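Engineer: With the hints as your guide, set chain B onto chain A.
Keeping their order, the protein sequence lines are chains A and B. The numbering of the first sequence is UniProt numbering, which starts it at 1 and goes up by one. The numbering of the second sequence is UniProt numbering, which starts it at 1 and goes up by one.
Wrong hints could be hidden among the right ones.
Some chain A residues near chain B, calculated using beta-carbon distances under 7 Å [claimed, not checked]:
1. Lys9
2. Val25
3. Leu27
4. Asn44
5. Tyr599
These are computed hints drawn from the structure, not numbers from a lab. Note that the structure is a prediction, hence the values are computed from the model and not measured. Here a beta-carbon is modelled for each residue, glycine too, at the ideal position from N, C-alpha and C.
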Amino acid sequence: MSVFNQPRKRVIQLICLSMVTLIVVRLFYLQVVETKYSKLADANAHLRKVIYPSRGIIYDRKGRSVMRNEALYDLMVTPRSVKNIDTGYLCEVLGIDKEEFIKRIANARMKEGPVRPSVFASLLTPEVYGKLQESMYMFQPGFELVLRPVRSYPYGVGANVFGYISEITPGMLNDSSGKYSAYQQGDYIGMTGLERTYENILMGQRGIQYLVKDNLNRPQGPLENGEFDTAAIAGKNLRLAMDIELQLLGEKMMKGKVGSIVAIDPQTGGILAMVSGPTFDPNLLSGSYRAKNLGRLLTDTVSPMFNRAISASYPPGSTFKPITGLIALDEGTVGPEFGFDCRGGYGNCGRFSKCLHSNVGHASNMRNALANSCNAYFMHLYRLCVDNKKWGNTGAGQAKFVSYLNDMGLGRRLGVDIPNEKSGDVPDTARMNRRYSGLWNSCSEMYVGMGQGLLGLTPLQMANAMCIIANRGFYFVPHFVESIDDDHSGMLKKYKEKHRVANISDDAFSSVVLGLEDVVTKGTAKGVQIEGVAVCGKTGTAENKARINGQTVQLKDHSLFVGFAPKDNPKIVIAVIVENSGFSTTYAVPIASILMEKYLTDSISPKRRLALDKMIEANTISPEMKAKSKLDSLNSVSYMALAGDELLRKIIAK
Amino acid sequence: MNRPQAKLTAGIDWPIFGMYLALVFIGFLAIFAAEYREGDHVIQNLLSQNKNWARQVLWFGVSMVLALGIWLTDSKFFTATANLLYAFGILLLLVVLAIGTGVKGSNSWLELGGFRFQPAEFTKLCTNLALAKYLSSMETDFTKMRSRLIACAMVLIPFGLIILQDETGLALVYLCFFLVMFREGLPGILLVIAFSAIILVLSALLVDKYVLLYVFTGIAALVVYFMRREIRRKRSKLMMIIGVWAFCSAFVMFIVPFAFTKVLKDYQVRRIEVMLGKENDPKATYNTRQSMIAIGSGGFWGKGYLKGTQTRFDFVPEQSTDFIFCTIGEDFGFFGSLLFLGIYVALLFRIIFIAERQRSTFSRVYAYGVASIIFFHLAINISMTIGLAPVIGIPLPLVSYGGSSLMTFTMLIFIMLRLDADRQMVLR
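Just chain A, same shape as in the assembly (with noise of 0.2 Å):
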């Protein structure tokens, strides 16, 4: 029988032969056509773990840092390999309940799986560090301790300055823009001041390295030994002109008073002290209670986050009146040598503005004017620029004198290497129109000339326009940084350049200078002499009227120094504002007399000392204001304010 069905063989072997071929023509299509498998093997397998480099630090102008690394830990949590764990004990070390704690193990379930770890608790205080690092072995293999590295404030100085980092937000990783795309949740981020603007720099180069991982995303080890990983680049430093002796002076100085410090070298324009008062320890933003802290900060009555130093605008007051000089003279509408008779006030416009002084010849030209502040010359002097036939009109001289305030840092933006600065306000057209309905003239706003009226200025505004002076016409960008280790971004090269705004014949410039010395010598400011050097400012009580309950009260006056010195070779510019303090002898010449000495003399002489505690003591903050305050308390529990007051004494001392 077998032989008649003997080709039926063959078609056996057939069917065998052609199902092999079905599956090897399906194997070559899966194995060399198609590519897309041993990618999603590759997704499968592989895990890209991001090694963070350590952040940069920032040294001040003398090498000193003002910041350090700190390691802190997190306490990881993986869900799945929680087991027979007392967790009454671990409660009671983490200061939490039992429900909590659930709830904890719920969260880090739901965020990152059960056998993934995630954060059960964040940045552990030192003293919870160490009581888990002892009985941790109690608790493995599900917990463990992470090293966190945050920033810690040798100092406690600078917060507004510095900024703090934190965790990238939500809305910061959904930004369309790719800005953040390199970033991933729970990494750290420059969130203000200098760690924001540096971001970039002081955040390094992460490394990664690529691990396989099983089924269950448990890491096996290191891929091809390595051979994918790149390695974490540290930070660069940020090298500053600040002088942080200087900054922990004048922060303390103005503990208790609202208002603004900027010290800064004009030849550089290098930034040598930033203060806004009231200020915060910058630790209290760094370490286990910063978003506790952060909160409270955020709401306190005095606004200590507010840094007023750039985006607080206050009307200039006397301070402004050298500025006013300083276009007419380069417009060339006076000379040095123009005189006014003043007698006790001005009325050319109709109406009789008072001036402080009436003995004739007060005004006889411009050093004198200046040295005497006499109002009227500077209001006649801002309107001659103004009615300047030069220009054909009042709207052109208007226009003309705004565009010398803006070509000197007023009413834009000066560009600081922090965020947040305010461009402040100036006179011009659009603003005149709609404050005067369109009908103005000269007369209107003549007040600008003596510094108030529609006239507000940064702090660092009114510092930079005073380095004009003392650099006798020209000024560099304000800066913190003044150089970075091994840099290669090109970031400072705007700071390095030279804007010349005046070009007024030494003449000319000297009898501003002069008159700016006559302040020092005879003037307002006799107080802030110096000995063996010479230092030329000007002071300025600036009036401040607010709208409370919808009427218009005047409050008591911003006091405000502005000056040089010194007045050959200029170190040092200093601006100094003291909110609602009445006359600027009181306060701010002080502050500004104190500093200078201890830029120029590194030390503060023995007759200053006495004024110095004077004005760490003084309190200018309303009461009101001050009892809702929190600040204080929460300044003095920041474990660095005690060595910030033992840093303070030996200044003092020295």
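Structural biologist: Same frame as chain A, now just chain B:
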């Protein structure tokens, strides 16, 4: 056997024996690769038998003892006990149905003093022997309808019993005996009809039933039009066309939906739908998807032995049993897979060659049975790992981990070798 003084290995077919050893060794390597982790103590694992590959070594030892036993047995023993063994096998299947132990959704296992044993595997051997015995007996005339029905019944009884144990995959393997029967004279038209039926089932699953109804009607109309002369001559042809049309239509309209809702289990329906790409449930597709990723990521040359990330890190489920081919595909790539399949094809062709050189019908039918069983296992198992067939759990012969499977295939092959060694004898 005529010469008692002959060497032990006299008459053995070395190519088959060599390929047998090669496949078992490849299987061992693959199971080892699927389980081994860096730092494992190989000797310790082997001694403590706590890994599948270590147990497979033991099973191989047991299989070799069985093989030796078979080799030393007289060929006549197998013809003599074929029917008895078949009866015993059916009995075991019935016992399993009554007291079977469940492993992963099926009740096909028997516990015997700590060892688990799957009679459905063993019954393949019994059925093969019994079928060979029946077809080779003097009374059987395979051109008669009655004989054919009896042969079919011998296959379909264990098939049905195993279906009842929820081991659809193992049951399907029994259909391979129709290939044997085809060789022995079952009309070829049956194969064509079976093939058409598969096409019909697939289209019923893939295409909307109303569309199919129109298509069938259209085809029937065309056939009637082109055959109008023959139909005029012979009315019965028209009746036949209408009959086929009615059957096909009824099949897609009623029988398939009925089978899907009433007969098949939910998970079986889902697997079929997943395989056809009708359902994208990630859980249901997980096995096939991971298996295809593992094989596909192997590329042309493979990742190298013990370098496959997918199989080593447990992405592929059941990777030492049903999905063992993933390890080969991933570590050795297309090239390795081709060589591997080549061994199987060579084995199958060698078995067919051996079958055709037998003088006795019993040996020939038996050998064809062995070839068919191996072929079905191979085709279904590999198709399932590369997404050509639904996931039905049947092992890859001689390669997959598992004692029942390895021992059954060892016995199948060595009985064949014994019969082949005695091919000069006429066995009934």
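Engineer: Now look at each hint and say whether the structure bears it out.
Structural biologist: Each hint tested on the structure:
no., hint, result
1, Lys9, "holds, 6 Å"
2, Val25, "violated, 10 Å"
3, Leu27, "holds, 5 Å"
4, Asn44, "holds, 5 Å"
5, Tyr599, "violated, 64 Å"
In terms of the numbered hints stated before, the structure departs from hints 2, 5, listed from lowest to highest.
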